[in-house]
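Q: Chain L is fixed; fit chain S onto it per the hints.
Those protein sequences? They're chains L and S, same order as listed. Counted from 1, the first sequence has number 397 at position 397 by full-length UniProt numbering; the numbering is strictly sequential. Counted from 1, the second sequence has number 171 at position 171 by full-length UniProt numbering; the numbering is strictly sequential.
Don't read these hints as lab results, they were simulated from the structure. Treat the hints with caution; some may be incorrect.
The list makes no distinction among identical chains, and a pair is therefore deemed to hold if it is satisfied within one copy or across any two copies.
To be verified - Only pairs whose alpha carbons sit at most 20 Å apart, straight line, appear in this in silico SDA-like list of lysine to any residue:
id : residue 1 : residue 2
1  : 149       : 30
2  : 22        : 331
3  : 119       : 321
4  : 149       : 300
5  : 117       : 29
6  : 4         : 59
7  : 333       : 27
8  : 345       : 417
9  : 333       : 30
2 protein chains.
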Amino acid sequence: MTIKIALLGAGTVGSQVARLLKEENELLAARAGAPLELVGISVSNLEAERDPWIDRELLTTDSKAIIDQADIVIELIGGVDLPRELILYAINSGASVVTGNKALLAEHGPEIYDLAKEKNVDVYYEAAVAGAVPVVYAVRESLAGDTVKAIQGILNGTTNYILDEMTTKGLPFDEVLATAQELGFAEADPTADVDGHDAAAKIAILASLAFHKRVHIDDVQVEGIREITSSDIAAATAGGYVIKLIAEATQDDAGKIDVRVGPTLVPEAHPLASIGGSFNAVVIEAEAADRLMFYGRGAGGAPTASAVLSDVVAAASKRVVGGRAPQEIVLGKSEFVAAEDSTSKYFVRMDVQDEVGTLAQLARLFADAGVSISSVQQESVAGNGEAEITITTHTARAADLAATIESINDTQTAKVSRVLRVADE
Amino acid sequence: MTIKIALLGAGTVGSQVARLLKEENELLAARAGAPLELVGISVSNLEAERDPWIDRELLTTDSKAIIDQADIVIELIGGVDLPRELILYAINSGASVVTGNKALLAEHGPEIYDLAKEKNVDVYYEAAVAGAVPVVYAVRESLAGDTVKAIQGILNGTTNYILDEMTTKGLPFDEVLATAQELGFAEADPTADVDGHDAAAKIAILASLAFHKRVHIDDVQVEGIREITSSDIAAATAGGYVIKLIAEATQDDAGKIDVRVGPTLVPEAHPLASIGGSFNAVVIEAEAADRLMFYGRGAGGAPTASAVLSDVVAAASKRVVGGRAPQEIVLGKSEFVAAEDSTSKYFVRMDVQDEVGTLAQLARLFADAGVSISSVQQESVAGNGEAEITITTHTARAADLAATIESINDTQTAKVSRVLRVADE
Chain L
1 MTIKIALLGA GTVGSQVARL LKEENELLAA RAGAPLELVG ISVSNLEAER
51 DPWIDRELLT TDSKAIIDQA DIVIELIGGV DLPRELILYA INSGASVVTG
101 NKALLAEHGP EIYDLAKEKN VDVYYEAAVA GAVPVVYAVR ESLAGDTVKA
151 IQGILNGTTN YILDEMTTKG LPFDEVLATA QELGFAEADP TADVDGHDAA
201 AKIAILASLA FHKRVHIDDV QVEGIREITS SDIAAATAGG YVIKLIAEAT
251 QDDAGKIDVR VGPTLVPEAH PLASIGGSFN AVVIEAEAAD RLMFYGRGAG
301 GAPTASAVLS DVVAAASKRV VGGRAPQEIV LGKSEFVAAE DSTSKYFVRM
351 DVQDEVGTLA QLARLFADAG VSISSVQQES VAGNGEAEIT ITTHTARAAD
401 LAATIESIND TQTAKVSRVL RVADE
Chain S
1 MTIKIALLGA GTVGSQVARL LKEENELLAA RAGAPLELVG ISVSNLEAER
51 DPWIDRELLT TDSKAIIDQA DIVIELIGGV DLPRELILYA INSGASVVTG
101 NKALLAEHGP EIYDLAKEKN VDVYYEAAVA GAVPVVYAVR ESLAGDTVKA
151 IQGILNGTTN YILDEMTTKG LPFDEVLATA QELGFAEADP TADVDGHDAA
201 AKIAILASLA FHKRVHIDDV QVEGIREITS SDIAAATAGG YVIKLIAEAT
251 QDDAGKIDVR VGPTLVPEAH PLASIGGSFN AVVIEAEAAD RLMFYGRGAG
301 GAPTASAVLS DVVAAASKRV VGGRAPQEIV LGKSEFVAAE DSTSKYFVRM
351 DVQDEVGTLA QLARLFADAG VSISSVQQES VAGNGEAEIT ITTHTARAAD
401 LAATIESIND TQTAKVSRVL RVADE
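Here chain L stands alone, though its shape is the one from the complex:
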């Protein structure tokens, strides 16, 4: 018995998958219980240059022809429409599917999982979240006897790199982005990364698995990092914080889910504060396991290919000895915390007239809206009668904070320049 594999896509990750399938052949066969055979690699351009280990005779532009021969289909094309069509085709043909496509799953996951259930095939997607870090396994299987309360992560390497460079080198966003694009760390169109959509897709997938409720990418409240200035970063540093793009998902005791992505002040002692460059990290809080953290390469050809191969081995072994991947569990309809009821600590920066009584007036406005202040920092801006005040709050409702900001902006003496969430220790 040989397990036949079709590889759709030979980009950065696909090419490394082909390499590992060749180099780790003996070990993969031992782990899977049967030899694995790559029957074809579908690409859009047959003439393009390829890595030396790619066997050109396997290249084809006809994805469906190689899916027809395959026990396992690995989808690494990117985009949404074509991968969706090919994955549904693969499931209908009875193949198991391995994909790293977070955008597709966060958008059309339920359609795919339902068809897979109907056709008795499995869908694996460890590579879709946090690259080489086995966090899909962690929420789907490792915590199978536990209750996840919260997930908090750095799930996008590009934005983590950009914020890191802004913090350590004091450079503005635009300049760091341009350099990242030159170095290949950011795409020509950086929207998916810098506006938070990539991280939103990943946290939607994790939240669905963790809470056993369907979470669509549109259910995620998303804010990107384009607005973050060097002065925000300086203010964060002065307060003992690091600004990170944090994706988080929580479920309250009533079963309501809050899923969001946004620039967040992380206290320097927090385990996510020290995650540098293009690494990803995920902190999971579970009832019995308590706090777990996972950290590793969140992107890149070889690390992501390592995650793909673990799924291939799992899928192949089930073809050989039977068994099924864990199925999607939906324990009820998803209910979400309304945006105005979402709670957080906040960091509020204000430009104020440097007059006696300003701080007292501001403190009154916070108190009137029911927002409790945790700390205040005031800095005079030399000479011109203006000052900057930064207030950090205790946990507050978003609506109460919004009311506070409105009433501050209604004064003649203070204007809010930035509001950021603050992560708990």
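A: What follows is chain S alone, placed relative to chain L:
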């Protein structure tokens, strides 16, 4: 169809397993594909006080009687001989086995795996290494398409707590150990923890899985932390290091394995340096995945029970829909690096006569033995003509370092007071 479970042992972990089996009943059934039924709990004393959720009617002293009824046997007794007998009995009766018994597996693993293979049943042991942290999964399945090059971990919470207290409070080993015993963080007989045997069993299990070679606990070079003094810790701190009990396993290009446990100087910027208290952490270096780190509660009833339950769900699901756990893969005979050929950076503390030329003489002795010096620190001990010199070396062979130390101790002017390994960045 109902999956019948026998629980052997109702100590800290066993009692939490019983709680989760009850509280998470619905979710466990959804994940496993069938209801789970606890058919009995074997204990040594029927009269002892138990947690309120323990159903006393399930208690028995007859382990074999409940194994006879079970599809899955959870062994949480501790010790080696009795668990070994009961696990072999369970396998012979056709039950799947879930155990957290690192000492048993590091000693008798192959006997158990071989019998399980013969009888077509599975053995799961996520809880045996690093409690709630799914590191057995990581090396056994998540890196199934990758090649592990090295594993480095803090695998014993008791010693990590003791070293932490010695470092942050400046207290001597004996005093911290006594307090830890009072607080229940250390056993009345602390040998397994403080002499490194517990960590050695765990790294033997991980090394076997990572390198596909059998590694017995006796193959691990072990050194404990009893000898570490406050003055060692002060010297480490002065050099920018933290002393941790590090378990590590590496395989060189020729396939030779080096597995060891010992107090090690970890640079402050290293991801393991900041792991505090009773947490465990494991860093894995793999060819494609690059560096992964996992961190969480390494012990304690509820966290360890969470790991046990993930194994129970995996075992139960395979009873329902078929399939097998990953089997032990042995790719060849284990060959180990000879103790004298083991390489490391070293930290060497010496008491010397504070005379002109002493440092030059010492430097010559290192050079003569082929050991290259990376840094030197010298401190005069006030008034009495003595000084302390600390030398950090580049990577050196153990035998060359031993020869250097011998030649230093042969001089009239210097005596080596401590040698510790230094971890790479």
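Q: Confirm or reject each hint.
A: Structure-based check of all given hints:
no.: 1; hint: 149 x 30; verdict: between (38 Å within a copy, 19 Å between copies)
no.: 2; hint: 22 x 331; verdict: between (41 Å within a copy, 18 Å between copies)
no.: 3; hint: 119 x 321; verdict: both (19 Å within a copy, 15 Å between copies)
no.: 4; hint: 149 x 300; verdict: between (30 Å within a copy, 19 Å between copies)
no.: 5; hint: 117 x 29; verdict: between (27 Å within a copy, 18 Å between copies)
no.: 6; hint: 4 x 59; verdict: within (15 Å within a copy, 50 Å between copies)
no.: 7; hint: 333 x 27; verdict: between (43 Å within a copy, 16 Å between copies)
no.: 8; hint: 345 x 417; verdict: within (17 Å within a copy, 51 Å between copies)
no.: 9; hint: 333 x 30; verdict: between (42 Å within a copy, 16 Å between copies)
Consistency note: the structure conflicts with none of the earlier hints.
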